[in-house]
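K.L.:
Sequence:
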Amino acid sequence: MKKESGIRRFMDNIRPHFEKGGKYQWLHSTYDAFDTFFSVPGTLTTKGSHIRDCLDLKRLMITVVVALLPCFVASCIHYGFFKVLPLYLVTYIVGLGIEFAFAQVRGKEVSEGFLVTGMIIPMIVPITIPLWMLALAVAFAVIIGKEVFGGTGMNIWNPALLARAFLFFAYPSHMTGNVWVPAADAVSGATPLMQIEGGLESLSYSVSDLFWGNIPGSVGEGCTFAILLGALILLISGAANYRAMFSCVLGALAVGLVANLAAPSPESALAIPAWYHLLMVGFAFGAVFMVTDPVTGAQTNTGKWIY
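For what it's worth, our numbering labels the leading residue of the sequence shown as -4, then goes sequentially.
For the record, the hints were derived by calculation from the structure and aren't laboratory data. These figures come from a predicted structure and were not determined experimentally. One should not assume that every hint holds.
Unchecked claim - Label pairs and their calculated CB-CB ranges: (1) Gly145 - Gly92: 26 to 34 Å; (2) Arg10 - Ala96: 19 to 27 Å; (3) Gly145 - Leu265: 38 to 46 Å.
For each residue, glycine too, the CB sits at the ideal point set by N, CA and C.
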């Protein structure tokens, strides 16, 4: 007989306090969240035939988190672990706090969906973003982007992208790249996207810099090499479909070629080689971790090519 771990015995011992009639029954959803996190559910089906897939929601989320780890490591190398860590702490504390609160009010289990969202949000914001702004963006994304629609699996927007959109429009001077406001309120950092407006010759970053992420920009979306490692993990594990990724790349190349044909001169920004766009800040990250979102992305194989 397999010996139970200390954590399993502890969770089993305190279970009666969180069940109906127990002293802390109102915290049943919180207990279930930790119980599911540390082990598989204790309830087994015993009647009828059931089709099972080893890649359940928890394993899917963990797989995506593992795929994001190369980007996390790259961000720590470029910016420093103790500069990156506060972004993740604030994101998870605020996001999970809201998730737990909604689960308690609804009397439902806490979903594992925020494990991935909490990893992505810090990667698509600049390292200099004030923590209170990040907290506001996370709260907005979780409440407006997911919870008002019923939680994980029922949201119509990607919460991570909604958090970035919130920061982009609410606090443009703290975001990187081109902004929607006049230059007086715009960020002054020379990111590749800002430099490329003057044509390829005005870009001071080499292809190597773009590939390895030695450029200013958001925390975790600059290192193309790390993103490719993540894509490999997603594809090998079956957590993501190759159709969405490749169609995104093909679409970018097609638009780049059209821009080349429309370029008025070789020095124009439109004359930038199509493949160069694949290395620009944010594209590879979006093609791997945003387009493949199982909730807001396309569901059919044909739809994935079109999407």
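K.L.:
Regarding Gly145 and Leu265, is the given constraint of 38 to 46 Å on their beta-carbon distance met?
P.N.:
holds (44 Å)
K.L.:
Taking the CB of Arg10 and the CB of Ala96, does the distance hold inside 19 to 27 Å?
P.N.:
holds (22 Å)
K.L.:
Tell me if the beta carbons of Gly145 and Gly92 are separated by a distance inside 26 to 34 Å.
P.N.:
The hinted range 26 to 34 Å is violated for Gly145 and Gly92, with Cβ atoms some 19 Å apart.
Hint compliance for this structure: hint 1 alone is broken.
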